[in-house]
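Please put together the full structure from these sequences, using the hints given.
According to full-length UniProt numbering, the sequence shown is numbered sequentially starting from 1.
Errors might be hidden in some of the hints.
Claimed, not checked - Here are the computed lysine-lysine pairs in the DSS-like style, where the Cα-Cα straight-line distance is at most 25 Å: (1) Lys26 x Lys4; (2) Lys163 x Lys26; (3) Lys194 x Lys102; (4) Lys207 x Lys158; (5) Lys158 x Lys276; (6) Lys64 x Lys44; (7) Lys33 x Lys64; (8) Lys10 x Lys44; (9) Lys26 x Lys44; (10) Lys4 x Lys102; (11) Lys4 x Lys207; (12) Lys44 x Lys33; (13) Lys163 x Lys207; (14) Lys10 x Lys64.
Claimed, not checked - Now the in silico label distances, taken between C-beta atoms and shown as ranges: (15) Gln202 x Thr49: 51 to 59 Å; (16) Lys158 x Glu279: 16 to 24 Å; (17) Lys276 x Glu254: 31 to 39 Å; (18) Tyr215 x Gly191: 36 to 44 Å; (19) Asn214 x Phe7: 31 to 39 Å; (20) Glu254 x Ala155: 42 to 50 Å; (21) Ala221 x Asn291: 16 to 24 Å; (22) His273 x Pro77: 42 to 50 Å; (23) Asn291 x Ala205: 26 to 34 Å.
Keep in mind that the hints were calculated from the coordinates and are not lab data. Each residue gets a CB set at the ideal place from its N, CA and C atoms; glycine is no exception.
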Amino acid sequence: MLLKFIFQRKQPERLGNFLLEHGITKQAITAAKHHAGLILVNHKRRHTTFMLQAGDEVLFLTGKEPVNENLRPSNLPIEIIHETNSYLLLNKPAGLLSMPSKYNQTDSVVNRVLGYLVRTGQLDARPHLVSRLDQFTSGLILVAKNSLTHAAFAALHKDVFVKQYQAIVHGAFMPNQMHDRVVAPISQVRGSVKRTVSESGQFSATKYTVLEQNYRAARVALQLETGRTHQIRVHMQYIGHPLYGDQLYGVADEHWRQALHCYSLTFPDPYTHEQKTFEINLPVDMIELWNRLEVNNEN
1 MLLKFIFQRK
11 QPERLGNFLL
21 EHGITKQAIT
31 AAKHHAGLIL
41 VNHKRRHTTF
51 MLQAGDEVLF
61 LTGKEPVNEN
71 LRPSNLPIEI
81 IHETNSYLLL
91 NKPAGLLSMP
101 SKYNQTDSVV
111 NRVLGYLVRT
121 GQLDARPHLV
131 SRLDQFTSGL
141 ILVAKNSLTH
151 AAFAALHKDV
161 FVKQYQAIVH
171 GAFMPNQMHD
181 RVVAPISQVR
191 GSVKRTVSES
201 GQFSATKYTV
211 LEQNYRAARV
221 ALQLETGRTH
231 QIRVHMQYIG
241 HPLYGDQLYG
251 VADEHWRQAL
261 HCYSLTFPDP
271 YTHEQKTFEI
281 NLPVDMIELW
291 NRLEVNNEN
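Now the structure itself:
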């Protein structure tokens with residue numbers, strides 16, 4: 001992978017510090033210096049102590065990432081919302097795993113991205129999940145094309161990633177509950193995949209706003225302050241509004257999967273630090289569910 005920067009500051013700065021500021025980890029810099037990589041300033045090899053001057057061109061080249069022989073490319077489609085040389089932003093459909101499991105090693109976001117990279121001639125790229133979603137949650141998911149970019153995203157503070165969801169939940173909210181913040185610690189139920197609110201759990205906080213509702217259901221926008229497993233599903237159940245279709249935390253109803261969709265994602269580009277926000281529409285199955293609930297409410 002090749003990264004290119006132009007140093008534009010008036011004050012000189014060490015090359016190593018400049019690379020760190022642009023999301024390149026110490027490990028990646030060390031690997032480029034001593035293994036199959038290059039660090040060039042104006043097309044000349046330079047040590048990380050070299051002092052950059054305004055207008056200098058910095059090239060950072062990493063070696064080829066090894067192939068994961070156990071990962072199989074899939075030719076099934078994946079919806080790409082945004083793509084750069086370093087990462088992809090995708091719209092994951094409900095039902096698709098984020099990564100392969102021991103029960104399904106051939107079809108996941110990672111398998112499909114690998115297939116896309118092969119088909120488009122990006123043969124040196126390797127998919128690495130930056131974010132992930134539960135199998136039956138749909139929406140935006142971020143995938144790095146190489147370990148360098150994955151490490152650069154990982155080095156960013158978690159607060160710079162803002163994920164917003166929409167959910168369809170059971171029951172109507174009281175007038176004084178239309179906008180609130182749920183703060184309730186979450187822990188794993190021993191011997192189960194389930195999570196529960198528990199005093200011994202990890203601090204967890206979720207903000208929500210009711211967008212519209214009737215006496216049977218509400219459509220809610222939610223923002224995670226923390227990123228616990230199943231957090232939205234657990235918190236909505238905790239306040240008495242489980243998600244439609246949630247077989248693990250909800251009640252029996254007609255929807256085939258939890259009605260939860262990650263519709264907005266804000267994050268900085270790990271190299272340019274440019275703030276980016278992307279939004280997508282609700283999927284068809286959630287629109288149809290809400291329309292049915294509205295029609296039934298009128299009868």
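Ascending list of hint numbers which this structure does not respect: 2, 10, 11, 14, 15, 19, 22
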